[in-house]
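Asker: Protein sequence lines, in the order shown, are assigned to chains Y and A. Following my numbering, the numbering of the first sequence begins with 1 at its first residue and continues without gaps. Following my numbering, the numbering of the second sequence begins with 1 at its first residue and continues without gaps.
A hint or two may mislead.
Quick list of the computed label-pair ranges, beta carbon to beta carbon [unchecked claim]: (1) Y:SER182 <-> A:VAL75: 27 to 33 Å; (2) A:GLY556 <-> Y:GLU76: 56 to 62 Å; (3) A:GLY119 <-> Y:SER182: 28 to 34 Å; (4) Y:SER185 <-> A:GLU537: 52 to 58 Å; (5) A:SER384 <-> Y:PRO106: 47 to 53 Å; (6) Y:GLU67 <-> A:ASN115: 36 to 42 Å.
Which chain A residues stay away from chain Y? Per the calculated CB distances, all over 10 Å, these [stated by the list, open to error]: (7) GLY33; (8) GLU68; (9) ARG87; (10) GLY125; (11) GLY238; (12) THR250; (13) THR279; (14) ALA349; (15) THR503; (16) PHE535; (17) GLY544; (18) THR594; (19) SER615; (20) VAL683; (21) ASP717.
Note that these hints are calculated values from the structure, not bench results. Backbone N, C-alpha and C fix where the C-beta goes; we use that ideal spot for every residue, glycine too.
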Amino acid sequence: MLQDGNVGPARSTIYSLLSRCFADHLVVDSGDVVATLSQAADPAVLAFLSSQPTASPVLAKLEELTEVLVGLGRDEAAELAAQREFVLLFLLPTGVQPYESVYRDPERMLKGTSWSEVRAFYRRCGLAVAEDEHHPEDHIASELAFMSLLSSGFAPETVDLRHEQRAFLQEHLLTWVPELVSRISQHPKADFYRRVGDLLSSWVECERGWLSDPDA
Amino acid sequence: MVEESRTDFRISRRTFLKALGVTAGAGALGAAGLPVRFVSAAERPVQGTISVNTLCGICGPNCGIRAEVHDERVVALHGNPVDQVSRGKLCVKAYAAIKELYDPDRLKYPMKRTNPNKGPGHDPGWVKITWEEAIALTAQGLQKSIDEHGPQSVMFLSRKNPFLNRLARVIGTPNQLRHESTCYITYTSVYKAMVGWGNRTWHFDVDNAKYILAMGWDGPGKAKNTHSQGLVNALRDGAKLVVLDPRRTTTADMAAEWHPIKPGSDLAFALAMIHVIVTEELYDQEFVANYTTGIEQVAAMASGYTPEWAAELTDIPADAIRRIAREFAAAKPAMLVTHKRCAGGPNYANSTRLAQAQLILQCLVGVFDNYGGPVGPRGFPSVSFDATFPSPEFPPMYPERIDGWDKFPYVRHFSAADGHFPTMADGILNDRPYKVRAAIANKYNLFTFPHTLRAMEALKKLDFLAVIDLLPSELVQLADVVLPDSHWLEASAFNVRGFRSFTPQVGIRLPASKPLYDTRGAGGIWLAVAREMGFGEYFEGVSGGAWNNAQLKAWGTSWDELKDSPDGMFTIERPFTPATSFRTKSGKIELYATAFEEEGVDPLPTWKPKKEHPSNEYPFYFLISRPPMHKMSQSQNNELLDEIWPENTVEIHPNTAQSLGLRDGDLAKVTSRVGSIVLKTQVTTAIRPDCVCVMHGFGHWSEQLSVAYRKGANEGDLIPDQTVEEVIAAKDPGASANMCDFCVRVEKA
Numbered sequence: 001m002l003q004d005g006n007v008g009p010a011r012s013t014i015y016s017l018l019s020r021c022f023a024d025h026l027v028v029d030s031g032d033v034v035a036t037l038s039q040a041a042d043p044a045v046l047a048f049l050s051s052q053p054t055a056s057p058v059l060a061k062l063e064e065l066t067e068v069l070v071g072l073g074r075d076e077a078a079e080l081a082a083q084r085e086f087v088l089l090f091l092l093p094t095g096v097q098p099y100e101s102v103y104r105d106p107e108r109m110l111k112g113t114s115w116s117e118v119r120a121f122y123r124r125c126g127l128a129v130a131e132d133e134h135h136p137e138d139h140i141a142s143e144l145a146f147m148s149l150l151s152s153g154f155a156p157e158t159v160d161l162r163h164e165q166r167a168f169l170q171e172h173l174l175t176w177v178p179e180l181v182s183r184i185s186q187h188p189k190a191d192f193y194r195r196v197g198d199l200l201s202s203w204v205e206c207e208r209g210w211l212s213d214p215d216a
Numbered sequence: 001m002v003e004e005s006r007t008d009f010r011i012s013r014r015t016f017l018k019a020l021g022v023t024a025g026a027g028a029l030g031a032a033g034l035p036v037r038f039v040s041a042a043e044r045p046v047q048g049t050i051s052v053n054t055l056c057g058i059c060g061p062n063c064g065i066r067a068e069v070h071d072e073r074v075v076a077l078h079g080n081p082v083d084q085v086s087r088g089k090l091c092v093k094a095y096a097a098i099k100e101l102y103d104p105d106r107l108k109y110p111m112k113r114t115n116p117n118k119g120p121g122h123d124p125g126w127v128k129i130t131w132e133e134a135i136a137l138t139a140q141g142l143q144k145s146i147d148e149h150g151p152q153s154v155m156f157l158s159r160k161n162p163f164l165n166r167l168a169r170v171i172g173t174p175n176q177l178r179h180e181s182t183c184y185i186t187y188t189s190v191y192k193a194m195v196g197w198g199n200r201t202w203h204f205d206v207d208n209a210k211y212i213l214a215m216g217w218d219g220p221g222k223a224k225n226t227h228s229q230g231l232v233n234a235l236r237d238g239a240k241l242v243v244l245d246p247r248r249t250t251t252a253d254m255a256a257e258w259h260p261i262k263p264g265s266d267l268a269f270a271l272a273m274i275h276v277i278v279t280e281e282l283y284d285q286e287f288v289a290n291y292t293t294g295i296e297q298v299a300a301m302a303s304g305y306t307p308e309w310a311a312e313l314t315d316i317p318a319d320a321i322r323r324i325a326r327e328f329a330a331a332k333p334a335m336l337v338t339h340k341r342c343a344g345g346p347n348y349a350n351s352t353r354l355a356q357a358q359l360i361l362q363c364l365v366g367v368f369d370n371y372g373g374p375v376g377p378r379g380f381p382s383v384s385f386d387a388t389f390p391s392p393e394f395p396p397m398y399p400e401r402i403d404g405w406d407k408f409p410y411v412r413h414f415s416a417a418d419g420h421f422p423t424m425a426d427g428i429l430n431d432r433p434y435k436v437r438a439a440i441a442n443k444y445n446l447f448t449f450p451h452t453l454r455a456m457e458a459l460k461k462l463d464f465l466a467v468i469d470l471l472p473s474e475l476v477q478l479a480d481v482v483l484p485d486s487h488w489l490e491a492s493a494f495n496v497r498g499f500r501s502f503t504p505q506v507g508i509r510l511p512a513s514k515p516l517y518d519t520r521g522a523g524g525i526w527l528a529v530a531r532e533m534g535f536g537e538y539f540e541g542v543s544g545g546a547w548n549n550a551q552l553k554a555w556g557t558s559w560d561e562l563k564d565s566p567d568g569m570f571t572i573e574r575p576f577t578p579a580t581s582f583r584t585k586s587g588k589i590e591l592y593a594t595a596f597e598e599e600g601v602d603p604l605p606t607w608k609p610k611k612e613h614p615s616n617e618y619p620f621y622f623l624i625s626r627p628p629m630h631k632m633s634q635s636q637n638n639e640l641l642d643e644i645w646p647e648n649t650v651e652i653h654p655n656t657a658q659s660l661g662l663r664d665g666d667l668a669k670v671t672s673r674v675g676s677i678v679l680k681t682q683v684t685t686a687i688r689p690d691c692v693c694v695m696h697g698f699g700h701w702s703e704q705l706s707v708a709y710r711k712g713a714n715e716g717d718l719i720p721d722q723t724v725e726e727v728i729a730a731k732d733p734g735a736s737a738n739m740c741d742f743c744v745r746v747e748k749a
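Model the full structure from these sequences, guided by the hints.
Answerer: Listed below in structure tokens is the structure:
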């Protein structure tokens with residue numbers, strides 16, 4: 001199934017949308033959210049999600065998130081609240097810390113062992129996070145962007161894309177995203193990003209399902 | 001544009017996905033279009049293990065470091081053996097600094113406040129902003145205050161920086177406040193008046209001393225790298241160490257003798273030593289004759305200060321004082337090592353006079369600026385910022401200051417300091433002599449200020465406050481705009497070796513890590529704010545790099561040469577020769593400080609008691625110390641250091657604890673005349689029964705300091721602040737915060 005010509009771009013788009021949500025706060029005026037959502041709303045993506053029984057929660061969450069985003073577009077106070085929530089959850093210590101190292105390494109610091117492993121993984125696939133980026137390699141937005149690239153086929157020909165995607169999911173995303181999402185949903189100040197977390201959660205569960213399918 | 005994009009969203013949920021889908025295609029995404037930009041791995045090849053020359057940024061000595069960096073990750077810090085200061089070794093604070101660099105609690109992006117309510121319990125409602133917005137908001141905040149209340153209404157709280165100094169001058173505000181009143185001010189004043197140097201010396205050649213007298217100095221207990229190494233070397237070579245301290249400190253545990261002196265009475269001890277050495281003619285007559293003036297006046301002053309007189313004031317037997325004085329004079333060289341946290345620091349109303357007396361003693365035994373004594377800096381000639389970067393004429397500077405600094409000429413003339421922290425709150429809260437309504441604070445936490453809660457009220461009163469910091473400290477919680485600082489392991493700089501410098505040496509700080517987040521150093525921030533405010537013509541050609549290079553070139557090297565040097569050090573090999581002339585009017589060290597006399601200040605350290613004494617209401621002396629692994633109030637969020645020393649306690653002698661009904665671990669309430677704190681009791685015999693001690697740096701109420709939050713208490717809440725009138729009345733040329741010069745009561749909480 002993963003080889004299906006439409007599936008790769010569709011998955012890539014959803015990873016890209018999720019990456020965007022965690023990479024920076026939402027500024028409706030900036031237009032990049034609209035663009036990203038537009039891609040997620042492509043008929044091919046919607047057709048792909050509609051056709052998969054395991055993807056129906058993803059579609060539902062995507063629709064919910066869209067509704068909230070429409071609301072943000074109408075309401076400056078709501079947009080500001082979402083921006084405050086972004087800082088509180090992802091930039092300040094009382095939030096959830098969106099770095100794999102913080103979850104998986106006992107030292108609870110950045111650039112831990114997990115960071116090295118993620119970085120090595122990217123290299124193995126011929127990729128590296130650009131030097132001027134402020135997100136380390138194991139930030140959730142970086143990991144999701146990486147999967148977006150792999151699922152769109154953006155890697156050297158020597159890379160076994162299917163194998164590497166499975167491996168990255170198993171070795172990295174699935175090892176800490178459930179805990180990240182759980183922390184987001186339990187955070188007393190989480191509102192908009194609880195929905196983003198729900199979408200992420202349903203998406204990685206969907207991905208987990210495909211991974212366990214030997215025909216995928 | 002704004003309306004259009006909002007209109008785009010005014011579409012019902014039912015049609016939204018479809019509507020968007022019509023216009024957008026889900027083509028393959030390129031690497032550049034992603035929220036996180038990826039490049040080919042070839043552009044960022046694996047970086048093996050490299051060594052980066054850098055300098056510690058935790059405290060003043062800036063110890064030379066070789067950072068071991070493996071594939072863009074700092075894995076270890078080692079002392080740089082070529083550095084005179086660190087001599088290849090570091091202290092616990094430096095070794096733990098990687099944990100701070102990679103602390104996920106760090107401030108990551110500029111932010112602005114959206115909740116106008118400030119203080120504990122109020123969520124600032126931070127929103128992420130760009131640097132451009134942050135600088136623009138900061139410039140607007142200052143400009144609004146200037147427009148409404150005048151240029152003097154702008155205040156800067158920061159360590160010395162030439163860019164900031166020029167910004168303040170262009171604005172026309174005199175209010176640059178630095179922290180020396182809680183630091184070295186007593187010593188800097190005395191050195192300026194008696195030796196003529198612009199600053200105190202930082203270099204004590206402890207290694208070569210044969211007799212070391214510590215009046216509250218506790219270098220090893222505070223993990224002071226340079227001089228602790230010196231002490232260990234000296235003791236190994238057979239030196240005798242004598243410690244006067246109300247607490248049995250780490251240094252006291254290493255000493256041949258510990259004398260639990262009564263707090264604030266060290267001046268009496270020093271005067272009695274002078275008495276013995278002068279009356280018994282034990283002093284170094286050749287040194288005194290050749291290099292000093294005023295021995296006759298010193299002798300006359302000291303004639304009444306007998307050991308018997310001092311015994312009553314100090315609680316140290318007269319025969320011990322006499323014996324120590326004789327030993328000090330006989331041992332060559334004998335050293336009186338000092339630090340800002342000892343009795344001569346900014347702690348008591350008589351500390352400046354103690355600093356004078358200590359300098360006199362050091363001259364009496366003839367080891368000033370010589371092996372085994374306090375050694376003046378062997379540095380490089382200073383380079384003028386104004387000559388390097390000429391500017392148009394500055395507007396007139398408003399003459400009066402918010403902290404009253406203009407009214408203390410006898411302090412200003414002798415001080416490398418600028419400003420007085422203890423009077424800041426009183427000035428702002430009373431709008432005296434005028435309103436201050438906007439400020440930028442650079443890496444000072446609220447806990448830096450005496451009577452911290454009052455300082456907080458004053459800073460809350462500002463209409464605009466921008467804060468430059470590394471972690472979300474308490475002061476950050478009061479900010480309108482947060483300007484995240486880069487960590488010193490991400491920064492570039494140089495530093496002249498001052499804490500041990502037998503020969504001129506300058507070291508370079510190269511970034512061991514690229515900035516992890518969207519952070520900037522303070523120097524660039526001052527420049528950006530100045531240019532945003534329209535002062536670009538005053539900063540033509542000014543940059544950190546240009547200023548660094550101008551100084552290094554004047555000294556015979558350059559940034560590039562230093563950067564490429566294998567050791568990161570530029571050293572001028574020159575034999576060490578003691579100074580034979582000094583920068584006073586007489587050209588000699590003035591034991592009788594005529595410069596003080598000209599300002600109407602006592603030229604001799606005649607006896608003056610400390611300010612406050614135990615009473616029925618406040619029966620205990622209050623002492624402050626610092627744990628060895630922590631740096632002021634900056635390091636408590638470091639998990640490694642937290643693991644060793646997570647909170648402070650009130651240290652109480654067992655007899656005292658028993659009389660108060662306190663047991664080890666009980667919560668105790670400590671009250672001074674300005675405030676109360678509650679913290680755990682620690683019963684210890686290592687303190688006088690009439691004293692209690694609290695370590696500084698704890699009691700963080702910023703919940704964003706996830707490790708340090710609510711551990712212990714801030715002793716600064718107990719320290720009285722000051723009015724300008726009080727400072728004028730004291731007429732102390734080293735006017736300080738008198739941080740331990742008050743008493744407290746203790747009760748079960």
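Asker: Hint by hint, say whether it matches the structure.
Answerer: Here is what the structure says about each hint:
Between Y:SER182 and A:VAL75 the CB atoms are about 32 Å apart, so this pair conforms to the stated range of 27 to 33 Å. For A:GLY556 paired with Y:GLU76, a C-beta distance near 59 Å keeps the hint of 56 to 62 Å intact. The hinted range of 28 to 34 Å is satisfied by A:GLY119 and Y:SER182, whose Cβ atoms lie roughly 32 Å apart. Between Y:SER185 and A:GLU537, the C-beta spacing of about 55 Å keeps the proposed range 52 to 58 Å intact.
Judged by the Cβ atoms, the range 47 to 53 Å given for A:SER384 and Y:PRO106 holds: they are separated by roughly 52 Å. The hinted window of 36 to 42 Å between Y:GLU67 and A:ASN115 is violated, with their beta carbons roughly 28 Å apart. Chain Y draws A:GLY33 into its interface by the beta-carbon criterion, the shortest separation being 8 Å against a cut-off of 10 Å. The beta carbon of A:GLU68 is kept farther than 10 Å from every beta carbon of chain Y, the shortest such distance being approximately 14 Å.
Distance check for A:ARG87 against chain Y: the nearest CB is about 29 Å away, which clears 10 Å, and the non-interface claim stands. Under the 10 Å C-beta cut-off, the non-interface status given to A:GLY125 relative to chain Y is violated; the minimum distance is some 5 Å. Even its closest Cβ contact with chain Y, about 43 Å, leaves A:GLY238 beyond 10 Å, as expected for a residue assigned away from the interface. A cut-off of 10 Å between C-beta atoms confirms that A:THR250 is not in contact with chain Y; the least separation is 28 Å.
Residue placement check: A:THR279 keeps its beta carbon more than 10 Å from all beta carbons of chain Y (closest about 61 Å). Distance check on A:ALA349: its Cβ is at least 41 Å (rounded) from any Cβ of chain Y, clearing the 10 Å threshold; non-interface status holds. The Cβ of A:THR503 sits about 38 Å from the closest Cβ of chain Y, beyond the 10 Å cut-off, so the non-interface label holds. Every Cβ of chain Y is farther than 10 Å from the Cβ of A:PHE535; the closest lies at roughly 29 Å, confirming the non-interface assignment.
For A:GLY544, the condition that its CB be more than 10 Å from all CB atoms of chain Y holds, with the nearest at approximately 19 Å. With 10 Å as the threshold on Cβ separation, the claim that A:THR594 sits away from chain Y holds: the shortest Cβ distance comes to roughly 55 Å. Distance to chain Y confirms A:SER615 as a non-interface residue, since its nearest Cβ pair spans about 43 Å, more than 10 Å. Taking the minimum C-beta to C-beta distance to chain Y, about 34 Å, the non-interface status of A:VAL683 holds against the 10 Å cut.
Its beta-carbon lying about 24 Å from the closest one in chain Y, A:ASP717 satisfies the requirement of being farther than 10 Å from that chain.
Checked against the numbered hints above, the structure violates hints 6, 7 and 10; every other hint is satisfied.
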